[in-house]
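J.: Just need the whole structure built from these sequences, with the hints factored in.
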Amino acid sequence: MTVTLGEIAAALGAELAGDASLPIRGASEPSAAGELDLALAMDPKYAAGITQGQARAAMLWPGADWRSFGLRGAIFAPRGRLAMAGLSRIFDPGPVIQPGISPLAVVDPTAELGEAAAVGPFVVIGPGVRIGPRARIASHVSIAEGARIGADALILQGVRIGARVVIGDRLIAQPGAVVGADGFAFVTAEKSGVEQIRETLGKREEIRDQSWHRIHSLGSVTIGDDVELGANSCIDRGTVRDTEVGNGTKLDNLVHLGHNVRVGRDCLLCALVGVAGSTRIGDRVVLGGQVGVSDNIFVGDDVIAGGGSKILTNAPKGRVLLGYPAMKMDSHIELQKALRRLTRLAQRVAELEARLGLAGGSGSDGGDG
Amino acid sequence: MTVTLGEIAAALGAELAGDASLPIRGASEPSAAGELDLALAMDPKYAAGITQGQARAAMLWPGADWRSFGLRGAIFAPRGRLAMAGLSRIFDPGPVIQPGISPLAVVDPTAELGEAAAVGPFVVIGPGVRIGPRARIASHVSIAEGARIGADALILQGVRIGARVVIGDRLIAQPGAVVGADGFAFVTAEKSGVEQIRETLGKREEIRDQSWHRIHSLGSVTIGDDVELGANSCIDRGTVRDTEVGNGTKLDNLVHLGHNVRVGRDCLLCALVGVAGSTRIGDRVVLGGQVGVSDNIFVGDDVIAGGGSKILTNAPKGRVLLGYPAMKMDSHIELQKALRRLTRLAQRVAELEARLGLAGGSGSDGGDG
Amino acid sequence: MTVTLGEIAAALGAELAGDASLPIRGASEPSAAGELDLALAMDPKYAAGITQGQARAAMLWPGADWRSFGLRGAIFAPRGRLAMAGLSRIFDPGPVIQPGISPLAVVDPTAELGEAAAVGPFVVIGPGVRIGPRARIASHVSIAEGARIGADALILQGVRIGARVVIGDRLIAQPGAVVGADGFAFVTAEKSGVEQIRETLGKREEIRDQSWHRIHSLGSVTIGDDVELGANSCIDRGTVRDTEVGNGTKLDNLVHLGHNVRVGRDCLLCALVGVAGSTRIGDRVVLGGQVGVSDNIFVGDDVIAGGGSKILTNAPKGRVLLGYPAMKMDSHIELQKALRRLTRLAQRVAELEARLGLAGGSGSDGGDG
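Protein chains in written order, with our numbering: chain A, 4 to 372; chain B, 4 to 372; chain C, 4 to 372.
Calculated from the structure, these hints are not laboratory results. Fair warning: there could be bad hints in the mix.
Any copy will do: because identical chains look the same in the list, a pair fits if it lies in one copy or spans two.
[What the hints assert, rightly or not] Derived lysine-lysine pairs resembling BS3-like cross-links, with alpha carbons at most 27 Å apart:
hint, residue 1, residue 2
1, Lys-194, Lys-48
2, Lys-194, Lys-320
3, Lys-331, Lys-320
T.: In structure tokens form, the structure reads like this:
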């Protein structure tokens, strides 16, 4: 596919300089760019690469002297990554999924697919499923009985959509995502060790034999519009009501949402995040990679948690969190500073003791761990 | 499916009040309940919702004044979650898997399936596989050569069972679970950096080039009865003997068990738990979400570890653990308290130094990190 | 399959004693060994088991008195695990994948498979795919348009290879691995909360509504020779250039590599490791289970990070890391020691204050967290 530099500028709403008719076939790092590539140099630090590559056009930082790089045209991007969103959309060829329904797909006669559906081989679509127009469903996907999916869905290889799951428009599901597995909910006949510990902060009575009774998941999963699900991510069904994911929320690879979790709108949950059962996540929350969130707590709107944080208690709206246990980022930075000085602090206390003729430090190695 | 309130009470062994003949079709949160739903209000805090919804019957806490909510019947649950186990079992419709063996499944002629098997489309069952009666196997599952699975298995979409894996009765495997991938075991020709560090606690000799020789997994995986495997969870084969999971143990989504691991009976391993190779986990152990357990260690019976804990050394029987590195929960709470006071402690030491005319604090910023 | 003891010794280049003609059919722990098994006792602590089992031959530590165990032959392994690599290779039967291309596979007519390919049922191979000789591709695999894979690939059940992915020779991909899902890259129209926090280390301006624009992944994934991918592991496509994995690198189960990540050669990334976008990992790096690495940083050659470490900043070549945030292993051990003494340290400061008539400790409970 080839577009002109002028068409790109118009699509991005970006300022153009030079030859609007230049044909462009893709985007590239400046030094690796070919003649038909748009060199991406939205920051002056990438300027040097432009002349190493073959590009005749570039996307540059505002005010860049484009002629000095020997270019024949340029686009100026005041916010580079935002321009990349538009640009990458233009050049993404998307996955190849043949139009029509593959003769090797199994579609239940009671399922309804909207117009212009593309369904790949070895797909299974169950009874009563309803899918909106222009769905693109790659090979090996399964969509179980009674699921409903909106318009313009892109469902990639091997995705599993469970029974009675409801999903809005413009879903993107990466390979292997599982929506609607059963919740992980088990109960013992008598009070279990975990229940005792939660009540007593760690004390246990006599330990008894215990085995687990399964709480089946009668609820399903409800997902809003414009949601993306990462590869091999998992969202469990609710116990009675549905697990919920709001509009515009994006899940990265290998994210886990437990049963009854409610995630608000426009959140980003990075890879390997785990949210335990019945927890409520607000709107516009950003959780870095491998963040964990305990069960039955509340994370307020606009919370941002750094990678690896473990959120063990309610987090108020707008808080920026880091650490295990997660604390305010300021406090975490302060604490890390103090920890770097801890060995020295102990020495200073020993010096004070020596000065006063005390011997408090001796024999303290037993510790309290 | 409709049952009567009296039938539910009898199935749960629970006390009944009012009209035993009331028809019930499902369970619901009180405020969202329809006429044929059983409202779930096992705690007084949910009482207000009952009159907001349409339910004519409810499951209530013991001693609740059921008539005051305008109900026509009630069941009393002294242990609400346990009652939910029974109740949810009654109302779970289960996944739709057509009876019989799909003509689109590939079942090796030497495989043996027990009576009343249901096998979905695009399933592959290899040579010499033996599966007990009443198996329900959803679409896209593969079961490799020589695997043996007991009675009443429920194996959901896209599950992978490897060669010679042995599994007991009543398996439930959620979509995408992988049992019997090869272990992650590699060795260098000379002593590797990791080996040096383990011997010296961090010191390394000269760093040499090293490449990895693969140790193939000759063992398989043996799993007991009543085990549940979460979506996209992974259990690796053993090197020589089998990796083992005991009766009644439940794995949540995205759990990893490395090669040669042995997990006892009636354990709960929550989402994203990772257990490294050759580690032994006792019976009735509960590991919260994202817990990690080092290789070649021992976690005793009845250990409970809070979410995100990293267990790096042997954990004695019955211990309650938290933190990274995991320590006794008491110690962890104590430590967190001390850490919250650490900046203040440093100030106090500085004040003491000032009082004594010492200057120990100055120039200490270099730290020891 | 049966080989002789002498053949095994020759294959391993190991010293042999006794009857070279003994037939051997497998390897076993000493106490469980049958007559045709080679008992594995490369350490004297396993010696006792030999006489409990039935083995007539064993692999022993150098200098062992093999006759004293009643054996008829023995092999001596100066480096036991290295010998296991060779031995396990001899006895690994490998997965059963029927030769030839299954009539139930969908192979695009423009795809090219090398000689002696074995392709299982329900495999989908897209347009323009090129795969080298002797590929073994198990059931349910999908390989998308334009992907290129070298010689001797072993691709197990349900693996997903995305469009235009390039992989070298001798790939081993465990079930459910996903190569080439889209990157997790989103941008807001205005500066987002995360961007503010990165600039200000935690301070935020007024919180605004924000929604996410998707940055499509135009790059693909390039993987070298001799790479192994764990079950349900995920490698995302790059944004403009390819995400890269070097020769000889091994990924364990459930590992995540974000977009644009570059991993060098001969690395080991253990289960549940997450590497965030655009980070560069050097050669021979070993990351323990559940290690996290922040985005846009650099981890030098030969770095080793213990399980659960969170690497938040650049790590120089050769460093040994532990903790969250990851620090030098020495420092981490030192810090843990100091933390075990922290409660006692606070008491000592209180005693000093008492001695000097100060009251600094009182009222300090408010803490700084």
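J.: For every hint, state whether the structure bears it out.
T.: Checked hints:
1. Lys-194 with Lys-48: Close across copies (21 Å), not inside one copy (62 Å); limit 27 Å.
2. Lys-194 with Lys-320: between (34 Å within a copy, 19 Å between copies)
3. Lys-331 with Lys-320: Answer is within; shortest intra-copy Cα gap is 12 Å, inter-copy 31 Å.
Every hint from the earlier list agrees with this structure, and none is contradicted.
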